[in-house]
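The listed protein sequences derive, respectively, from chains S and H. If you read the first sequence in our numbering, its first letter stands for residue -14, the second for the next number, and so on. If you read the second sequence in our numbering, its first letter stands for residue 349, the second for the next number, and so on.
No lab work stands behind these hints: they were computed from the structure. Among the clues, some could well be false.
Claimed, not checked - Cut-off 27 angstroms, straight-line C-alpha distance, at most; resulting in silico cross-link-like pairs (BS3-like, lysine-lysine):
#	chain 1	residue 1	chain 2	residue 2
1	H	K406	S	K47
2	H	K704	H	K773
3	S	K(-5)	H	K412
4	H	K412	H	K704
5	S	K47	H	K730
None of the values given here were measured: they were computed from a predicted structure.
The chain contents come next:
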Amino acid sequence: MVPEDCLFTKEHEWVYREGDVAVIGISEYASTELGDIVYIELPEAGAAVQQMDPIGTIEAVKTVAELFSPVSGEVIEINQAIVDHPEIVNRDPHDEGWFIKVRMSDSSELDVLFSHDEYQEYLGEQEDD
Amino acid sequence: MSATIFEKGMNGRSGSYLPPNDCPVGDLDLAAPRRGEIGLPRIGEQDLIRHYVELAGKNYHIDKGMYPLGSCTMKYNPVINEELARLPGFAGLHPAQDEADVQGALELMHRLERDLCEITGMSAFSLQPVAGAHGELTGMMIARDWFRRRAEKRTTVLVPDSAHGTNPASVAICGFTPKTIPSNDRGLIDPGALAAACGDDTAVLMLTLPNTLGLFERGIERIVEIVHGAGALVYMDGANMNALLGIVRPGAIGIDIMHVNLHKTFATPHGGGGPGSGPVGVREHLAGLLPVPRVVESGGRYSLSDDRPETIGPVHSWYGNFNVLVKAYAYIRSLGGEGLREAAENAIINANYLMKLVSERYEIAYPGPCMHEFVASGSGLKRFGVRTTDVAKRLLDYGLHAPTVYFPLIVEEALMIEPVETEKKETLDHFAGALSAIAREAQEDPDLLHKAPVTTPVRRLDEASAARSPQLCWPGGCREP
Chain S
-14 MVPEDCLFTK
-4 EHEWVYREGD
6 VAVIGISEYA
16 STELGDIVYI
26 ELPEAGAAVQ
36 QMDPIGTIEA
46 VKTVAELFSP
56 VSGEVIEINQ
66 AIVDHPEIVN
76 RDPHDEGWFI
86 KVRMSDSSEL
96 DVLFSHDEYQ
106 EYLGEQEDD
Chain H
349 MSATIFEKGM
359 NGRSGSYLPP
369 NDCPVGDLDL
379 AAPRRGEIGL
389 PRIGEQDLIR
399 HYVELAGKNY
409 HIDKGMYPLG
419 SCTMKYNPVI
429 NEELARLPGF
439 AGLHPAQDEA
449 DVQGALELMH
459 RLERDLCEIT
469 GMSAFSLQPV
479 AGAHGELTGM
489 MIARDWFRRR
499 AEKRTTVLVP
509 DSAHGTNPAS
519 VAICGFTPKT
529 IPSNDRGLID
539 PGALAAACGD
549 DTAVLMLTLP
559 NTLGLFERGI
569 ERIVEIVHGA
579 GALVYMDGAN
589 MNALLGIVRP
599 GAIGIDIMHV
609 NLHKTFATPH
619 GGGGPGSGPV
629 GVREHLAGLL
639 PVPRVVESGG
649 RYSLSDDRPE
659 TIGPVHSWYG
669 NFNVLVKAYA
679 YIRSLGGEGL
689 REAAENAIIN
699 ANYLMKLVSE
709 RYEIAYPGPC
719 MHEFVASGSG
729 LKRFGVRTTD
739 VAKRLLDYGL
749 HAPTVYFPLI
759 VEEALMIEPV
769 ETEKKETLDH
779 FAGALSAIAR
789 EAQEDPDLLH
799 KAPVTTPVRR
809 LDEASAARSP
819 QLCWPGGCRE
829 P
C-alpha cells in the first residue's frame, strides 16, 4: 500500500482501494506528529461507519487523536496486531500498520479525498501556517 | 537512581523495638491468614531519616522554586494554614465523635460553605467531594437526578474543546454522552454553534471558565441564555476560579452548578503535598440534591443531617477531607474579600506580564489579554528539529519546573503557563529568560535540547515503554497473590 497509490483525508488518514473494500490507516506524517503511539481503540468488525465520523482513538505519549473513517460502510476487519503492539504504526504506517478494512457503501465518496500529490501540497500548506 | 528503602535494609536492623506482649491473645478469625513476612524494610532510624532527606532533596516543589503548571495552579501555601490545621482540636478529631464534641469543626465547615457561597454567588455548597474531578462527577450526578425527577430524558452533555480534560470523562462516568463543541478562531464558544448543538436531548453545558486557553467567555450571558432556553443546565468547572475571585460571581450570571478546587484557588497543598478538595455549589433550585450529610445550624448548635429526601446521597465517606477545609478557611479569612480580589488581579497581571516576555520567542496561541494563564506554542522550533518536549526537558537543566505541555489539545506543541499571583517579577523574568535562552539553543545547538535533561537525578525516561508495558510493582516488593 505505497503512499503514491493511496488517497488521503484532511485528518491524515490514508485509504487504499481493493475493489469495494477500503483499507484504512494513518499517514506517515500523522504517525510522526503523534510520536510514540501507546494505545489504539478500534471499532468492532461489523460496525457501520459514516464518512468522517470519529470511529477510534489513537493515544500517544503526550496526546490523544481521533481516527476518522474516510468512507461510509461496514467494518469487515480490524488489525488486531496494532492494538496489541501500537509501535507497529510508528514503524510502518503504510503497510503493517493498517487500521481497519471497510466495505464501502458508496465508493463515490472517494472522490472528495486528496490524491497523494494533493495531500503533499496540503501538508506543505500546513507547515507554512 | 538511589537504592530503595527495601534495598538499604538488612535483617536484624530495626528503628523500633516493641515490648513483649503482656495481653492475652484472643481467638483470631483466621479465614484469611497472612501467608508470610509482610516485607517491611529493616532499617535503623538514622538511615531511615537520611533516606527520606536525600529523596526530599531531589524533589522539586513549590518551596524550592516556581511551578508554572498551567491549569494546576501551584501557588504558595501559607504556613499559617498548616499551623492552624495542626491545632490538636482539629488534627486529633475522629469523624465518628459525638456532634457535641466537634461543634467548632462543624462551625468551621458551616462558615466555609457560607464563604464559598458569598464568593461564587451560589446558594449552597457541599464540601464532601475530595478532588476537582470528584466535584465534576458530583455535579453531573446532581444534573442527572434533577432531570430524572422531572421525568425528562436528556442524555447529552456539551463540552467545549477548551475545557479541562477531566470534564468529558466525568460526563461519561455519570452515564451521559459527551459532545464536543469546537472553539472559534478566538478560542471561545461560538454562540451560533452552541445554539445549533443545543436541543431537547441536551442536559448540561459543562464549561471551564476561564477556559484552558486562559480566556474568559465574553459571551457568557448569551451562552447561559441559550442553554437555559433549551431547558438544560450550565455547569461551570471552577478550577480556574483563582482568576475570578472578587471579580465574577458565577451564580449571578446564571451558572447552575459549579465546583471549586480548594487545593488550587484557596492555596491548600496538592500534587502529592496533600489531598484535594472539590466542593460543589448549586443555585437554590438544586440545593436539595446536594450530597449528604449536610451541616445545619439551629440556635447556635451545629449538626450533620441526612434528612434530605432529594439528595443524590453521600459521595465520600464522612465529610470529605476535613483537614483541607481548615486550611482553605484560614486562607479565605486571612485574605478577606479585598485580599482575594487582589490575589486574582495579581494572578492576571503576572500571567499577562509573562505572556508578553514569552511572546518574544514563542508564538502565543490566542494573542490578546489573558486571565490567569496563557498557552504558547513550540511549533516555531520544529524547523530546527526541536519539539515542545525538548524545551520542557531543557528547562529542568535550568533548575526550573516545566509548564504543562501538549495541553490543551487544540494548540499544536502547546506550552500552557500559569505563573500564579505569588511569584515576584524577578522570578517571572528569570523563567522567561530561560525560555528565551532555550529558544536560542534550539537554533544554534538543537542536540543540547535532544539530550536534556543532563543535570537531573534521572535522564529522559522511556515514556513510550512506560505506557505500553507498565511495571507497576517493584520486583522485590511484589508477592504472589
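Exercise for the section: With a cut-off of 27 angstroms on the C-alpha distance, tell me whether K704(H) and K773(H) pass. Expected result: With Cα atoms ~13 angstroms apart, K704(H) and K773(H) stay inside 27 angstroms; holds.
Problem - Pair hint outcome, K(-5)(S) versus K412(H) [Cα-Cα no greater than 27 angstroms] - result: violated, 46 angstroms
Problem - Distance restraint between K406(H) and K47(S), which requires alpha-carbon spacing of 27 angstroms or less - result: Holds, at about 25 angstroms.
Practice task
Take the C-alpha atoms of K47(S) and K730(H), compute the straight-line distance between them, and say whether it is at most 27 angstroms.
Solution key: holds, 16 angstroms
Problem - K412(H) paired with K704(H) [C-alpha distance capped at 27 angstroms] - result: Given that 27 angstroms is the threshold and the Cα spacing comes to 25 angstroms, the pair holds.
Of the numbered hints stated above, the single one contradicted by the structure is hint 3.
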